[in-house]
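> Spelled out from the first residue to the last, the chains are:
Number of protein chains: 2
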Amino acid sequence: MKLSKLAFQVTKNPPANADTVNHKLLVQAGFVRQLMAGVYTYTPMGLKVLRNIENIIREEMNAVGGQEILMPALHPKINHQTTGSWNNIDVLFKLKSRTDKDYALGHSHEEIVTPLAKELINSYKDLPLALYQIQWKYRDELRSKSGILRGREFFMKDMYSFHADQKDFEKFYNNVKDAYLRIFKKLGLTAKVTEASGGSFTQKISYEFMVLTDAGEDDILYCDECNYCVNNEIAKVKEGDRCPKCGAPLKMGRASEVGNVFDLGQKFAKDFDLTFANQAGEKNYPIMGCYGIGVSRSMGVIVEKYNDAKGIIWPASISPFTVSLISLNGAEEYALKIYETLQKNNINVLLDDRSESAGSKFAAADLMGFPVRLVISPRNGEKIEWKKRDQEASELIDLETVLERLKTA
Amino acid sequence: MKLSKLAFQVTKNPPANADTVNHKLLVQAGFVRQLMAGVYTYTPMGLKVLRNIENIIREEMNAVGGQEILMPALHPKINHQTTGSWNNIDVLFKLKSRTDKDYALGHSHEEIVTPLAKELINSYKDLPLALYQIQWKYRDELRSKSGILRGREFFMKDMYSFHADQKDFEKFYNNVKDAYLRIFKKLGLTAKVTEASGGSFTQKISYEFMVLTDAGEDDILYCDECNYCVNNEIAKVKEGDRCPKCGAPLKMGRASEVGNVFDLGQKFAKDFDLTFANQAGEKNYPIMGCYGIGVSRSMGVIVEKYNDAKGIIWPASISPFTVSLISLNGAEEYALKIYETLQKNNINVLLDDRSESAGSKFAAADLMGFPVRLVISPRNGEKIEWKKRDQEASELIDLETVLERLKTA
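Same order as they appear, the protein sequences are chains A and B.
If you're matching positions, the first sequence starts at 17 in this note's numbering and goes up one per residue.
If you're matching positions, the second sequence starts at 17 in this note's numbering and goes up one per residue.
Hints should not be assumed to be uniformly reliable.
For the chain B half of the interface with chain A, some residues (derived, Cβ under 7 Å), not all of them [to be verified]:
| hint | residue |
| --- | --- |
| 1 | A23 |
| 2 | L63 |
| 3 | M87 |
| 4 | L90 |
| 5 | I94 |
Calculated directly from the structure, the hints in this document are not laboratory data.
Each residue gets a CB set at the ideal place from its N, CA and C atoms; glycine is no exception.
Given the sequences, and given the hints that come with them, work out the whole structure.
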């Protein structure tokens with residue numbers, strides 16, 4: 017792609033209402049545009065990041081045996097009345113058709129997936145079953161702030177699993193936990209598995225996957241010596257107390273919840289009368305689990321973690337482009353040749369071919385934050401300036417070395 | 017994939033309320049489930065079909081210079097007040113937040129894309145510009161029937177283009193028209209370019225891409241000798257009249273609109289005060305075009321066109337699997353070996369490993385409708401029975417020939 021042709025480019029003016037780094041940088045670098053609080057458009061570059069995150073999640077969900085489906089966002093009232101969410105979930109958006117039918121917008125999909133699963137589950141032989149989707153959710157948040165960290169419309173992976181007993185659920189939960197930790201690692205995030213309350217879904221303990229960031233909305237108590245971590249909301253310990261697991265002093269930090277796991281027990285199965293026959297032929301309600309990852313929120317958290325005074329520093333796994341190729345005055349022809357060579361080698365490159373100053377091009381590359389910056393200058397002959405976004409040093413190398421490094425990167 | 021593990025399989029019972037072939041077959045074959053009228057869940061197989069159609073469309077939209085973005089479904093009232101659609105579009109879903117803010121659900125995205133384009137367009141040098149998305153739309157239809165042909169929640173590709181003058185719009189429109197005809201051809205559909213009224217968007221003439229099918233909701237007058245076609249709503253000719261272009265007698269037929277093109281003129285640019293400076297430095301409103309393709313509707317129309325008494329007959333381009341591999345009693349081990357060999361050769365195969373009768377497996381394969389059926393039977397030794405879904409004849413061939421044929425298919 018040539019930057020001169022790209023819709024939505026870097027802008028010098030930060031958005032007036034930006035309260036967080038992700039909001040400011042994602043707008044300035046040309047990845048999102050705010051339509052209203054909590055509701056964003058994703059530009060060509062922003063959409064690529066979302067898709068890259070989505071693909072990393074999909075691969076791991078398929079690996080644990082999840083099957084991808086796509087459920088609607090428009091729900092009939094009756095499903096939410098059946099579970100009580102129609103009256104009890106305050107973030108539920110409600111609307112009426114012109115023929116006076118009541119609908120809800122999906123804030124989560126227990127109300128849809130449980131009746132679907134009734135068709136699939138008759139006997140213990142049909143268990144376990146795990147269905148997931150990657151889809152937009154709607155929540156009527158009182159305050160929607162922090163850029164794409166807390167959206168009224170946001171992109172989420174939600175998986176639902178069904179099990180014959182608690183033991184099988186816990187086995188599956190452990191597989192999903194490992195998959196989640198692999199996903200967040202691939203995304204460049206260190207997620208802490210945090211004990212929390214089940215929230216509106218269930219009274220049971222749930223687990224949250226928390227990433228430390230000042231832009232977050234939760235406080236967690238965690239131990240640096242072991243993996244102990246608890247949401248401050250339910251903590252029986254406080255900052256400075258000894259870790260219940262290893263005795264080291266506990267720390268307190270602000271964090272954002274990028275994923276969660278709920279043990280739903282038999283609540284939704286009972287609500288929708290979803291039963292299965294066990295080996296003795298007796299009817300039983302399956303145990304349900306629910307597993308979420310905030311896809312758009314993860315994108316925001318990644319920006320909160322990976323940035324400096326000059327802009328974003330995307331992890332290679334999700335960067336929309338691998339290379340910022342800068343063509344300086346007088347090197348246009350050679351730069352175009354390098355651009356075409358990179359493309360032939362399947363390297364995802366953005367060529368800055370705009371009529372801008374060198375300084376402005378360097379600033380744009382730093383702001384957009386792709387892993388590698390290559391500069392083609394008439395002063396350097398056939399040599400190419402190589403610089404990684406997360407390092408200060410640059411060096412002059414030949415094309416062959418550039419290709420070698422990008423292939424093994 | 018093994019059929020025994022697949023969520024949502026073939027069912028003998030057609031849905032009670034199915035009024036069309038696509039509704040009946042897509043449910044029976046395990047591709048969709050109806051949540052309520054006009055709102056469907058896509059199963060693992062149904063989702064694959066949607067994604068295959070989406071990818072064919074994306075490739076062609078990129079080729080005409082469209083840039084993919086993703087706009088929200090939740091819109092602020094003010095945008096729809098600005099264009100008049102808040103009061104004039106009867107299918108607009110409206111809702112309120114708990115803090116009494118008014119929102120609309122996106123029925124189309126002129127109201128969002130035009131303000132976005134204001135940032136991108138300042139001079140004639142910024143034109144033409146084409147932005148598109150592939151995204152869910154919401155319309156409060158009075159009657160939502162015909163399976164996935166007319167949804168209240170449906171999947172759509174919508175592109176919007178901006179031009180310095182009418183001539184440039186018409187040039188771009190012609191490129192898009194050719195791209196649309198290529199898309200529909202790849203989908204196995206013969207689309208007729210049909211003159212129509214602009215509907216609620218504009219008073220100008222628009223073009224619809226119509227596919228003849230009894231499940232459609234439009235009547236078109238068309239000529240079999242040339243490409244003349246007009247929507248009966250605006251036709252000044254009637255069935256049996258001579259074609260205004262070639263003189264042959266006109267036919268009338270029921271059709272479904274799978275795509276459309278609107279000349280939006282300067283309406284939305286004027287509504288949002290979107291201007292550009294022309295070469296003389298004078299301010300002007302750009303001409304806008306809007307180009308839709310119904311992704312989920314196309315899936316439904318394809319089923320309406322490609323089926324027989326036994327089930328669906330998917331075009332290879334969008335079939336979720338290329339091969340139905342049937343393992344008969346006593347051939348399980350060899351079938352598994354063939355399954356693994358096909359997978360190693362990157363052939364998309366569904367192995368029917370269920371404990372069902374041969375007849376039931378043949379019926380399932382016909383109902384699901386993948387292009388090729390392979391049968392592994394203990395009676396045939398190492399030979400494999402090859403049959404195409406759209407042909408009657410079967411033959412016994414060896415594995416090498418199977419692989420050769422599938423590679424060139």
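> Confirm or reject each hint.
These are the hints, each one checked on the structure:
1. A23: holds, 5 Å
2. L63: holds, 5 Å
3. M87: This hint holds: B:M87 lies near chain A, its Cβ roughly 5 Å from the closest one there, short of 7 Å.
4. L90: Holds: closest Cβ of chain A sits about 5 Å from B:L90, inside 7 Å.
5. I94: violated, 9 Å
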